[in-house]
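K.L.:
So the chains spell out like this:
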Amino acid sequence: MKMIIPSIQGSIEIDLSENLLKTNEQIARENRNLLDQFHVFAVDILGSIGSGKTTLVQQLVRHLKERRRVASIAGDLTTTIDADRIRSAGAEVIQINTGGECHLDANIVKNALVKMNLEDLDVLLIENVGNLICPAEFPVGAHRRMVVVSTTEGPYMVVKHPYIMMDAGVLVINKMDLAEIMQVDMEQLKRDALGIKPGLKVIFTNARAGEGIEELISALELPGH
Amino acid sequence: MHEATLANSIVQTVLRHADEAGAKKIRSVTVELGEWTTFNPEQVGFWVKVGFEKTIARGARVFFKKVEGSLRCNSCGYEGKCPQPHDGMDRMIGLVLECPSCGHPDVEIVRGREAIVKTIKIDT
Chain A
471 MKMIIPSIQG SIEIDLSENL LKTNEQIARE NRNLLDQFHV FAVDILGSIG SGKTTLVQQL
531 VRHLKERRRV ASIAGDLTTT IDADRIRSAG AEVIQINTGG ECHLDANIVK NALVKMNLED
591 LDVLLIENVG NLICPAEFPV GAHRRMVVVS TTEGPYMVVK HPYIMMDAGV LVINKMDLAE
651 IMQVDMEQLK RDALGIKPGL KVIFTNARAG EGIEELISAL ELPGH
Chain B
1072 MHEATLANSI VQTVLRHADE AGAKKIRSVT VELGEWTTFN PEQVGFWVKV GFEKTIARGA
1132 RVFFKKVEGS LRCNSCGYEG KCPQPHDGMD RMIGLVLECP SCGHPDVEIV RGREAIVKTI
1192 KIDT
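Those protein sequence lines, which keep their order, are chains A and B. With the first sequence counted from 1, adding 470 to any position gets you our numbering. With the second sequence counted from 1, adding 1071 to any position gets you our numbering.
Everything labelled a hint here was simulated from the structure, so no lab data went into it. Just so you know, these numbers come straight off a predicted model, no measurement behind them. A few of these clues could be false.
Here are the computed lysine to aspartate or glutamate pairs in the EDC-like style, where the Cα-Cα straight-line distance is at most 20 Å [what the hints assert, rightly or not]:
hint, chain 1, residue 1, chain 2, residue 2
1, B, LYS1120, A, GLU488
2, B, LYS1152, A, ASP637
3, B, LYS1152, B, GLU1106
4, B, LYS1189, A, GLU488
5, A, LYS630, B, GLU1106
6, B, LYS1137, B, GLU1106
7, B, LYS1095, A, ASP655
8, B, LYS1136, B, GLU1074
9, B, LYS1136, A, GLU483
10, B, LYS1189, A, GLU495
11, A, LYS630, B, GLU1074
12, B, LYS1125, B, ASP1194
13, B, LYS1189, A, GLU483
14, B, LYS1096, B, ASP1194
15, A, LYS492, B, GLU1074
16, A, LYS630, A, ASP592
Covered, in the sense of this in silico footprint (three residues per stretch, anywhere, with C-beta under 8 Å from a C-beta of chain B), are these stretches of chain A [as the list claims (entries may be wrong)]:
hint, stretch
17, 504-512
18, 588-595
19, 630-640
20, 663-677
Beyond 12 Å from chain A on every Cβ pair, some chain B residues (computed) [said to hold, decoys possible]:
hint, residue
21, LYS1120
22, ARG1143
23, GLY1148
Just so it is clear, CB atoms sit at the ideal spot from N, CA and C, and this is done for glycine as well.
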């Protein structure tokens, strides 16, 4: 309810108390309801460019496609590189080019969902734009948030991105094969994450070689798995 | 630049309400930002002022208030602040989401993630 407070200077002050994020949150809830109606489990995948998100999606598709009907939404600023790679792994892909926007939001995902045949789908992998800061504020309606960092990004990826950990269900520490050469302590990255969000599931992977993918699938807790 | 997205929402919200109230001039705007959001008030403020150019809000003052974070513990029932380490500029260093009372990780954030246009001051 708006409250109008007269001011002595002749101006009036209006109490709006309008939540700017509520529209996105509302659409995110609608997306979730739509996915639930069709029994589709959605995972929002977040990580910097080069962390291995697309390679992980490719591996998840390869590992899951015999057991589940999998599709993907690939967010990117301007290219179709990721969508092409995921399609080559054997999943239907909807490409979203955000132009310049640094995150997917609930509305852009909603527009992608209407293009998908949700009836023929069990798992939807939503690859967000390569960024670990901006998407924190914009839930898209997924059931699980999976955050990806890699050893080649250095030892401070987790402590420097605390906000994205708040809503994470699973943290993937990728490129475990390169940890030694990068002199990055993966256990320290894990401790950093658990220091922010105790109880967070942390999985080590080498996505390129397919190592850790089954552990990741278990950690995602897909329904009926 | 998610600050630009938020700034655009602030500009649209302020102008819409000012128009509904029959404003001729917008003097000031107060925005509340949760301490556990990634929005930097300096940057949001800059983009809001850019958005206000060529509108009745041109030159309006933009004030930001920090909303202190609080959480509820699903284990011991604690509800309240969850103090975080800060630097000398009153900015948070790191983040720890566990119950400050019993240390349990099963907590829900009650406040601290909002972005709200609280008030506008207008001339009619």
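K.L.:
Take the hints in turn and mark each one as holding or not.
P.N.:
Evaluation of the provided hints:
1. LYS1120/B to GLU488/A: Satisfied, since the Cα-Cα distance of roughly 19 Å is no more than 20 Å.
2. LYS1152/B to ASP637/A: 19 Å, holds
3. LYS1152/B to GLU1106/B: 11 Å, holds
4. LYS1189/B to GLU488/A: 6 Å, holds
5. LYS630/A to GLU1106/B: 16 Å, holds
6. LYS1137/B to GLU1106/B: Holds, because 6 Å separates the two Cα atoms, which is no more than 20 Å.
7. LYS1095/B to ASP655/A: 60 Å, violated
8. LYS1136/B to GLU1074/B: Since the Cα atoms of LYS1136/B and GLU1074/B sit roughly 16 Å apart, the hinted pair holds (cutoff 20 Å).
9. LYS1136/B to GLU483/A: 16 Å, holds
10. LYS1189/B to GLU495/A: Given that 20 Å is the threshold and the Cα spacing comes to 19 Å, the pair holds.
11. LYS630/A to GLU1074/B: 18 Å, holds
12. LYS1125/B to ASP1194/B: 17 Å, holds
13. LYS1189/B to GLU483/A: 10 Å, holds
14. LYS1096/B to ASP1194/B: 5 Å, holds
15. LYS492/A to GLU1074/B: 16 Å, holds
16. LYS630/A to ASP592/A: 34 Å, violated
17. 504-512: Check failed, 0 qualifying residues.
18. 588-595: violated (count 0)
19. 630-640: This one holds; 4 residues, not fewer than the three required, reach chain B with a Cβ under 8 Å.
20. 663-677: holds (count 5)
21. LYS1120: 17 Å, holds
22. ARG1143: Consistent with the label, ARG1143/B stays out of reach of chain A, its closest Cβ about 14 Å off (over 12 Å).
23. GLY1148: 18 Å, holds
Of the hints listed earlier, those the structure fails to meet are numbers 7, 16, 17, 18, in rising order.
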